[in-house]
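> The numbering of the sequence shown is the numbering used here, which starts it at 1 and goes up by one.
It is possible that some hints are incorrect.
[Unchecked claim] Beta-carbon label-pair distances, calculated as ranges:
1) 154 x 27: 36 to 44 Å
2) 10 x 208: 17 to 25 Å
3) 221 x 252: 24 to 32 Å
4) 42 x 237: 51 to 59 Å
5) 40 x 106: 25 to 33 Å
6) 195 x 130: 20 to 28 Å
7) 40 x 160: 27 to 35 Å
8) 130 x 238: 33 to 41 Å
These are computed hints drawn from the structure, not numbers from a lab. Since this is a predicted model, take the numbers as computed values, not measurements. All C-beta atoms, glycine included, are put in the ideal place defined by N, C-alpha and C.
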Amino acid sequence: MLDVSDEVRAEIGEQEAERLLAGDSAPGTYDCTSCRTPGDTSKERTSTVLFVGDETAVLAFAHATCIPSQVVPVSEQQLQGAVQTFEGDEAAAAPAEANAEPRQAVLGITCGLVLVKDSICPALVIEPTGPIARPGQQDSSDEFLPILIEQGFLPVSDLAVPPSPNAGWSVLLAMGQLHAILQPGAAGAWWQAHQPLPVSDGWRVAVNKSNEVYVYAAPVGSIGQQPREDLLQSALARAAERGLLVGATMPLSGT
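Full structure from sequences and hints, please.
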(Lines of atoms letter the chains of each structure in order from A and count residues from 1; the text may use other names and numbers.)
(Lines give C-alpha, C1' and ligand atoms only; values in the text may rest on other atoms or scores of the structure.)
Protein backbone atom coordinates (compact mmCIF):
# COMPACT_ATOMS: atom_id res chain seq x y z
CA MET A 1 0.00 0.00 0.00
CA LEU A 2 2.99 2.25 -0.62
CA ASP A 3 2.94 5.09 -3.14
CA VAL A 4 6.24 5.96 -4.86
CA SER A 5 5.87 8.88 -7.27
CA ASP A 6 7.83 9.08 -10.51
CA GLU A 7 9.97 11.94 -9.12
CA VAL A 8 10.84 9.94 -5.98
CA ARG A 9 11.55 6.88 -8.12
CA ALA A 10 13.90 8.93 -10.30
CA GLU A 11 15.84 10.10 -7.23
CA ILE A 12 16.17 6.78 -5.39
CA GLY A 13 16.54 4.55 -8.42
CA GLU A 14 14.40 1.76 -9.86
CA GLN A 15 15.92 -0.98 -7.70
CA GLU A 16 15.28 0.80 -4.39
CA ALA A 17 11.77 1.77 -5.50
CA GLU A 18 10.96 -1.87 -6.23
CA ARG A 19 12.38 -2.93 -2.86
CA LEU A 20 10.11 -0.38 -1.16
CA LEU A 21 7.06 -1.55 -3.08
CA ALA A 22 7.88 -5.17 -2.26
CA GLY A 23 8.07 -4.29 1.42
CA ASP A 24 11.74 -5.21 1.76
CA SER A 25 12.89 -1.76 2.92
CA ALA A 26 9.64 -0.10 3.94
CA PRO A 27 8.76 0.30 7.62
CA GLY A 28 5.73 -1.47 8.99
CA THR A 29 4.76 1.47 11.16
CA TYR A 30 5.89 5.09 11.02
CA ASP A 31 5.15 8.58 12.29
CA CYS A 32 3.58 10.60 9.48
CA THR A 33 5.99 13.35 8.45
CA SER A 34 3.01 15.64 7.88
CA CYS A 35 0.46 15.18 10.68
CA ARG A 36 2.84 13.52 13.20
CA THR A 37 0.42 10.67 14.02
CA PRO A 38 1.21 6.94 13.62
CA GLY A 39 0.73 5.16 10.33
CA ASP A 40 0.91 1.57 9.14
CA THR A 41 2.04 0.67 5.63
CA SER A 42 0.21 -2.65 5.81
CA LYS A 43 -3.18 -1.09 6.60
CA GLU A 44 -3.36 2.30 4.84
CA ARG A 45 -2.09 4.05 1.76
CA THR A 46 1.31 5.55 2.54
CA SER A 47 3.30 8.15 0.60
CA THR A 48 7.07 8.17 0.29
CA VAL A 49 8.42 11.71 0.79
CA LEU A 50 12.05 12.32 -0.12
CA PHE A 51 13.74 15.35 1.49
CA VAL A 52 16.76 16.18 -0.69
CA GLY A 53 19.70 18.32 0.44
CA ASP A 54 22.88 19.31 -1.37
CA GLU A 55 24.69 16.07 -0.56
CA THR A 56 22.29 13.77 1.26
CA ALA A 57 18.64 12.78 1.23
CA VAL A 58 16.19 11.46 3.82
CA LEU A 59 13.25 9.22 2.89
CA ALA A 60 10.23 9.79 5.13
CA PHE A 61 6.70 8.39 5.11
CA ALA A 62 3.29 10.02 5.37
CA HIS A 63 -0.37 9.12 5.18
CA ALA A 64 -1.44 9.36 1.54
CA THR A 65 -4.45 11.35 2.75
CA CYS A 66 -2.09 13.97 4.24
CA ILE A 67 0.43 14.44 1.45
CA PRO A 68 1.20 12.74 -1.89
CA SER A 69 4.51 11.08 -2.66
CA GLN A 70 6.97 13.80 -3.70
CA VAL A 71 10.49 15.20 -3.55
CA VAL A 72 10.98 18.19 -1.23
CA PRO A 73 14.24 20.13 -1.76
CA VAL A 74 15.82 21.61 1.38
CA SER A 75 19.28 22.91 2.20
CA GLU A 76 21.87 20.46 3.51
CA GLN A 77 22.02 22.27 6.86
CA GLN A 78 18.25 22.17 7.24
CA LEU A 79 18.17 18.52 6.26
CA GLN A 80 20.78 17.54 8.84
CA GLY A 81 18.98 19.53 11.53
CA ALA A 82 15.52 18.27 10.60
CA VAL A 83 16.29 14.55 10.41
CA GLN A 84 15.01 13.97 13.93
CA THR A 85 11.85 15.93 13.18
CA PHE A 86 11.14 14.03 9.97
CA GLU A 87 11.63 10.76 11.83
CA GLY A 88 9.18 11.68 14.56
CA ASP A 89 11.25 13.38 17.24
CA GLU A 90 8.55 15.45 18.94
CA ALA A 91 11.05 17.38 21.01
CA ALA A 92 12.75 18.63 17.86
CA ALA A 93 9.39 19.55 16.38
CA ALA A 94 8.44 21.81 19.29
CA PRO A 95 9.15 25.54 18.95
CA ALA A 96 12.50 26.28 20.60
CA GLU A 97 11.87 27.47 24.14
CA ALA A 98 8.35 28.51 23.20
CA ASN A 99 6.54 25.65 24.89
CA ALA A 100 8.75 25.63 27.97
CA GLU A 101 7.44 25.26 31.49
CA PRO A 102 6.12 26.76 33.65
CA ARG A 103 3.69 28.32 31.14
CA GLN A 104 2.41 26.44 28.11
CA ALA A 105 1.58 28.42 24.98
CA VAL A 106 0.78 27.55 21.40
CA LEU A 107 2.16 29.53 18.49
CA GLY A 108 -0.64 30.71 16.23
CA ILE A 109 0.33 31.40 12.59
CA THR A 110 -1.59 33.52 10.10
CA CYS A 111 -0.80 33.49 6.37
CA GLY A 112 -1.46 36.83 4.73
CA LEU A 113 -0.38 39.29 2.07
CA VAL A 114 1.23 42.56 3.17
CA LEU A 115 2.05 45.71 1.22
CA VAL A 116 5.79 46.43 1.28
CA LYS A 117 7.28 49.10 -1.03
CA ASP A 118 4.10 49.06 -3.15
CA SER A 119 4.46 45.31 -3.68
CA ILE A 120 2.11 42.60 -2.43
CA CYS A 121 4.31 40.18 -0.46
CA PRO A 122 3.60 36.82 1.24
CA ALA A 123 3.87 36.94 5.02
CA LEU A 124 3.48 34.73 8.07
CA VAL A 125 2.41 36.35 11.32
CA ILE A 126 3.26 34.50 14.53
CA GLU A 127 1.50 35.26 17.80
CA PRO A 128 1.44 32.98 20.86
CA THR A 129 -1.77 32.21 22.71
CA GLY A 130 -0.14 33.25 25.99
CA PRO A 131 3.03 34.75 27.49
CA ILE A 132 6.26 32.87 26.82
CA ALA A 133 8.62 32.05 29.70
CA ARG A 134 12.17 30.76 29.68
CA PRO A 135 12.93 27.42 31.38
CA GLY A 136 13.09 27.96 35.14
CA GLN A 137 11.79 31.53 34.94
CA GLN A 138 10.05 32.60 38.13
CA ASP A 139 8.60 36.02 37.27
CA SER A 140 5.67 36.74 34.94
CA SER A 141 7.52 38.65 32.20
CA ASP A 142 6.91 37.67 28.58
CA GLU A 143 10.20 36.63 26.98
CA PHE A 144 8.87 35.86 23.49
CA LEU A 145 10.46 38.79 21.65
CA PRO A 146 13.83 38.63 23.49
CA ILE A 147 14.07 34.93 22.67
CA LEU A 148 13.39 35.59 18.99
CA ILE A 149 15.89 38.45 18.87
CA GLU A 150 18.51 36.08 20.33
CA GLN A 151 17.65 33.70 17.48
CA GLY A 152 18.29 36.31 14.79
CA PHE A 153 14.97 38.11 14.36
CA LEU A 154 15.24 41.90 14.32
CA PRO A 155 12.83 44.61 15.55
CA VAL A 156 10.52 45.98 12.84
CA SER A 157 9.69 49.68 13.07
CA ASP A 158 8.46 50.30 9.52
CA LEU A 159 6.40 47.84 7.45
CA ALA A 160 7.51 49.62 4.27
CA VAL A 161 10.98 48.14 4.77
CA PRO A 162 11.44 44.38 4.20
CA PRO A 163 12.67 42.58 7.32
CA SER A 164 16.31 41.49 7.35
CA PRO A 165 17.22 37.91 6.36
CA ASN A 166 17.76 35.39 9.17
CA ALA A 167 20.57 33.13 7.98
CA GLY A 168 19.75 29.42 7.86
CA TRP A 169 16.02 29.78 8.49
CA SER A 170 13.41 28.92 5.85
CA VAL A 171 9.72 28.26 5.33
CA LEU A 172 8.80 24.73 4.22
CA LEU A 173 5.95 24.57 1.71
CA ALA A 174 5.00 21.24 0.16
CA MET A 175 2.33 20.75 -2.52
CA GLY A 176 1.10 24.28 -1.88
CA GLN A 177 0.57 23.81 1.87
CA LEU A 178 2.53 25.19 4.81
CA HIS A 179 4.38 22.52 6.81
CA ALA A 180 7.05 24.15 8.96
CA ILE A 181 9.42 26.97 9.74
CA LEU A 182 12.91 25.45 9.76
CA GLN A 183 15.81 26.80 11.79
CA PRO A 184 19.53 26.07 11.39
CA GLY A 185 21.38 23.56 13.51
CA ALA A 186 20.26 20.39 15.22
CA ALA A 187 16.90 21.70 16.44
CA GLY A 188 15.26 21.19 13.03
CA ALA A 189 11.77 22.66 12.87
CA TRP A 190 11.14 25.72 15.04
CA TRP A 191 7.44 25.45 14.27
CA GLN A 192 5.66 22.55 12.60
CA ALA A 193 2.02 22.26 11.64
CA HIS A 194 0.13 19.36 13.21
CA GLN A 195 -1.56 19.10 9.81
CA PRO A 196 -0.49 20.89 6.62
CA LEU A 197 -1.89 24.41 6.64
CA PRO A 198 -3.67 25.44 3.42
CA VAL A 199 -2.76 28.83 1.99
CA SER A 200 -4.77 31.05 -0.33
CA ASP A 201 -4.25 31.04 -4.08
CA GLY A 202 -3.03 34.64 -3.88
CA TRP A 203 -0.48 33.79 -1.19
CA ARG A 204 0.76 30.79 -3.17
CA VAL A 205 1.14 32.85 -6.36
CA ALA A 206 3.02 35.59 -4.50
CA VAL A 207 5.42 33.21 -2.77
CA ASN A 208 6.14 31.31 -5.97
CA LYS A 209 7.14 34.60 -7.60
CA SER A 210 9.43 35.80 -4.81
CA ASN A 211 10.59 32.47 -3.32
CA GLU A 212 10.76 34.20 0.05
CA VAL A 213 8.43 34.93 2.94
CA TYR A 214 8.33 37.82 5.41
CA VAL A 215 7.91 36.28 8.87
CA TYR A 216 6.66 38.63 11.58
CA ALA A 217 6.17 37.84 15.28
CA ALA A 218 4.53 39.72 18.15
CA PRO A 219 3.59 38.96 21.78
CA VAL A 220 0.16 37.65 22.72
CA GLY A 221 -2.59 40.23 22.24
CA SER A 222 -0.60 42.43 19.86
CA ILE A 223 -2.16 41.37 16.55
CA GLY A 224 -5.24 39.24 17.18
CA GLN A 225 -7.36 37.38 14.64
CA GLN A 226 -8.00 39.79 11.78
CA PRO A 227 -10.71 38.87 9.24
CA ARG A 228 -9.18 40.88 6.38
CA GLU A 229 -5.64 41.48 5.15
CA ASP A 230 -5.98 45.27 5.32
CA LEU A 231 -6.87 44.91 9.00
CA LEU A 232 -3.93 42.54 9.48
CA GLN A 233 -1.62 45.13 7.93
CA SER A 234 -2.98 47.83 10.23
CA ALA A 235 -2.51 45.61 13.29
CA LEU A 236 1.09 44.89 12.25
CA ALA A 237 1.74 48.60 11.79
CA ARG A 238 0.37 49.37 15.27
CA ALA A 239 2.53 46.64 16.81
CA ALA A 240 5.59 48.03 15.01
CA GLU A 241 4.88 51.55 16.27
CA ARG A 242 4.67 50.19 19.84
CA GLY A 243 7.97 48.30 19.49
CA LEU A 244 6.19 44.94 19.70
CA LEU A 245 7.10 43.48 16.32
CA VAL A 246 10.10 41.52 15.10
CA GLY A 247 10.65 40.00 11.71
CA ALA A 248 12.86 38.11 9.29
CA THR A 249 12.92 37.37 5.58
CA MET A 250 13.17 33.63 4.92
CA PRO A 251 13.63 31.73 1.65
CA LEU A 252 11.09 29.18 0.54
CA SER A 253 11.88 25.48 0.83
CA GLY A 254 9.80 23.06 -1.20
CA THR A 255 7.04 23.94 -3.64
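> Give a verdict on every hint.
Going through the hints against the structure:
no.	hint	verdict
1	154 x 27: 36 to 44 Å	holds (42 Å)
2	10 x 208: 17 to 25 Å	holds (22 Å)
3	221 x 252: 24 to 32 Å	holds (30 Å)
4	42 x 237: 51 to 59 Å	holds (53 Å)
5	40 x 106: 25 to 33 Å	holds (28 Å)
6	195 x 130: 20 to 28 Å	holds (22 Å)
7	40 x 160: 27 to 35 Å	violated (51 Å)
8	130 x 238: 33 to 41 Å	violated (20 Å)
Going down the numbered hints, you'll see the structure goes against 7, 8, while the others check out.
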